[in-house]
Amino acid sequence: MENAQELYEKTASGNLTLPPGEHRGPLTIRRPCVVDGSASTLFAAQGPVLLVQSSGVTVKNLRVEITGPLTEQGAPIAIRTDFPDTKLEAVEVNGDLQGFPGEPAPWKLPTLISLGEFAANTANSFSIELEAPGEANVINEIRDIRVEPMRLKRGINTLYIETDSIRENTILYGELLIRSSVTRRLHVTGKSQAGVAPQQAARRLVSETVADAGPVQVDTPREAVPPLVTDSNVPFMQRGQRFSLQGMETAVVKLLMEYASAQRGLSVDGYAFLLQAGGKVAGDGDLIFFGNNAAPDQAIRYSTVNGMPLMIAELAKLPPAVEKVTVCYAVYGDQPQENFSLVQNPLVRLFAGEKELCRFRPDGLTAEKAVVAAEFYRYKGEWKINFIGAGYQGGLKQLCTGYGVNVQ
Numbered sequence: 001m002e003n004a005q006e007l008y009e010k011t012a013s014g015n016l017t018l019p020p021g022e023h024r025g026p027l028t029i030r031r032p033c034v035v036d037g038s039a040s041t042l043f044a045a046q047g048p049v050l051l052v053q054s055s056g057v058t059v060k061n062l063r064v065e066i067t068g069p070l071t072e073q074g075a076p077i078a079i080r081t082d083f084p085d086t087k088l089e090a091v092e093v094n095g096d097l098q099g100f101p102g103e104p105a106p107w108k109l110p111t112l113i114s115l116g117e118f119a120a121n122t123a124n125s126f127s128i129e130l131e132a133p134g135e136a137n138v139i140n141e142i143r144d145i146r147v148e149p150m151r152l153k154r155g156i157n158t159l160y161i162e163t164d165s166i167r168e169n170t171i172l173y174g175e176l177l178i179r180s181s182v183t184r185r186l187h188v189t190g191k192s193q194a195g196v197a198p199q200q201a202a203r204r205l206v207s208e209t210v211a212d213a214g215p216v217q218v219d220t221p222r223e224a225v226p227p228l229v230t231d232s233n234v235p236f237m238q239r240g241q242r243f244s245l246q247g248m249e250t251a252v253v254k255l256l257m258e259y260a261s262a263q264r265g266l267s268v269d270g271y272a273f274l275l276q277a278g279g280k281v282a283g284d285g286d287l288i289f290f291g292n293n294a295a296p297d298q299a300i301r302y303s304t305v306n307g308m309p310l311m312i313a314e315l316a317k318l319p320p321a322v323e324k325v326t327v328c329y330a331v332y333g334d335q336p337q338e339n340f341s342l343v344q345n346p347l348v349r350l351f352a353g354e355k356e357l358c359r360f361r362p363d364g365l366t367a368e369k370a371v372v373a374a375e376f377y378r379y380k381g382e383w384k385i386n387f388i389g390a391g392y393q394g395g396l397k398q399l400c401t402g403y404g405v406n407v408q
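Sequential numbering of the sequence shown, starting at 1, is according to the working numbering.
The reader is advised that the hints may include incorrect statements.
As the list claims (entries may be wrong) - DSSO-like mimics (lysine-lysine), calculated; alpha carbons at most 27 Å apart, straight line: (1) Lys317 <-> Lys153; (2) Lys324 <-> Lys280; (3) Lys280 <-> Lys384; (4) Lys280 <-> Lys153; (5) Lys10 <-> Lys87; (6) Lys380 <-> Lys317; (7) Lys384 <-> Lys317; (8) Lys108 <-> Lys280; (9) Lys108 <-> Lys10; (10) Lys324 <-> Lys397; (11) Lys87 <-> Lys60; (12) Lys355 <-> Lys280; (13) Lys108 <-> Lys87; (14) Lys397 <-> Lys355; (15) Lys355 <-> Lys380; (16) Lys87 <-> Lys153.
As the list claims (entries may be wrong) - Computed Cβ-Cβ distance ranges for the label pairs, DEER-style: (17) Gly381 <-> Thr158: 24 to 32 Å; (18) Gln5 <-> Pro133: 25 to 33 Å; (19) Glu89 <-> Gln393: 46 to 54 Å; (20) Ala12 <-> Gly285: 52 to 60 Å; (21) Glu117 <-> Asp363: 34 to 42 Å; (22) Asn233 <-> Leu177: 47 to 55 Å; (23) Thr158 <-> Lys355: 31 to 39 Å; (24) Lys10 <-> Asn121: 55 to 63 Å; (25) Ile156 <-> Ala39: 30 to 38 Å; (26) Arg361 <-> Gly285: 26 to 34 Å.
Derived from the structure by calculation, the hints contain no laboratory data. Backbone N, C-alpha and C define an ideal beta-carbon position, used for all residues, glycine too.
All chains, full assembly: derive it from the sequences and hints.
So, in structure tokens, the structure goes:
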């Protein structure tokens, strides 16, 4: 991982071109120059991530992101300049700007807009209030929905979202871009469902501003697990190795994915597929993840621990038709370079209650965007877990297609 300040100091004069990828900040610019991010990301736990202390600076082709939780001491400032002639071109931020004429703050936008369950095979419409400190354009990057208005004014705005007729059990996920002098992202999620009354902009959507820049997630209960320590009594499993869960069917079994670090705070999300005969789900509700965080019987639940994905299983509650529960992890992000090569020291830990049973390292992953880490399965009435560690460059979409989940 490149330290952006070190790269800057190496170029004693002239412009700074960051190589594609992720670069740790903060970065302070003290001379006139062009900072070309080459579509890379500059990140830091707290702002300002980029500080301009010179006139004649242009920043372009860069994403600037705050990855840590916001604190009372640290304002969410992504870029701060001491000189009003600083220019921004094709810059995306997670956070606010400071010192830029015409770019007011703060932007109190939700990070996540949840449409919830809406009627399948018919149009639905929703409304949500957005507060903007200044004018900005709205750019819709989601297929099968329309958004109005396409420009926000200063103050409270009502944003209308209308879906097309979307087939049953389709997960809707995408982004709206809010563009002023920089770009900000709003994530939209929902699911089409039979038997649900069509929505006609009759309610204000539940939306939430997420304090950190980790994966977009709804609030889920957090389950405590013991911290990672060296323990010779906890065995390491190899790919293809199995571990018996006999006698633990009624216990709360937890599978936690941890990693030492990831470039720019890149996030890894967890997914559990409840598979029946033929290795397929019965419906899209059998995919448990941050947007559908529990099975109806609570047999499988999704949570997080310090931002790390946690799957919680009570295997005795699973219906007989469920033969396997496949647990996968996917790197968050749409860019091809956002893959497991950026994730350092991934580690899967298995618990029964608070007792750690074993560990597994799904290492050796590079260009893969998703990995099938482990699989709970029944064998002659006994539950076992198989550690797999198979990576997929096609990411979550490839896994969903293989397991019979409709993703749009």
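Here is what the structure says about each hint:
1. Lys317 <-> Lys153: violated, 51 Å
2. Lys324 <-> Lys280: holds, 10 Å
3. Lys280 <-> Lys384: holds, 19 Å
4. Lys280 <-> Lys153: At roughly 47 Å apart (the allowed maximum being 27 Å), Lys153 and Lys280 break the hint.
5. Lys10 <-> Lys87: holds, 23 Å
6. Lys380 <-> Lys317: Since the Cα atoms of Lys380 and Lys317 sit roughly 17 Å apart, the hinted pair holds (cutoff 27 Å).
7. Lys384 <-> Lys317: Holds, at about 15 Å.
8. Lys108 <-> Lys280: violated, 41 Å
9. Lys108 <-> Lys10: violated, 37 Å
10. Lys324 <-> Lys397: holds, 20 Å
11. Lys87 <-> Lys60: The hint holds at about 8 Å.
12. Lys355 <-> Lys280: violated, 31 Å
13. Lys108 <-> Lys87: holds, 23 Å
14. Lys397 <-> Lys355: Not satisfied, since the Cα-Cα distance of roughly 34 Å exceeds 27 Å.
15. Lys355 <-> Lys380: Holds, at about 25 Å.
16. Lys87 <-> Lys153: holds, 23 Å
17. Gly381 <-> Thr158: 24 to 32 Å: Violated: the Cβ-Cβ distance is about 56 Å, outside 24 to 32 Å.
18. Gln5 <-> Pro133: 25 to 33 Å: Taking Cβ atoms as reference, Gln5 and Pro133 lie about 30 Å apart, which means the hint holds.
19. Glu89 <-> Gln393: 46 to 54 Å: Check failed, 32 Å falls outside 46 to 54 Å.
20. Ala12 <-> Gly285: 52 to 60 Å: holds, 59 Å
21. Glu117 <-> Asp363: 34 to 42 Å: Hint holds: Cβ distance 38 Å, inside 34 to 42 Å.
22. Asn233 <-> Leu177: 47 to 55 Å: holds, 50 Å
23. Thr158 <-> Lys355: 31 to 39 Å: Check failed, 52 Å falls outside 31 to 39 Å.
24. Lys10 <-> Asn121: 55 to 63 Å: holds, 58 Å
25. Ile156 <-> Ala39: 30 to 38 Å: holds, 34 Å
26. Arg361 <-> Gly285: 26 to 34 Å: holds, 32 Å
Against the hints set out earlier in the document, violations occur for numbers 1, 4, 8, 9, 12, 14, 17, 19, 23.
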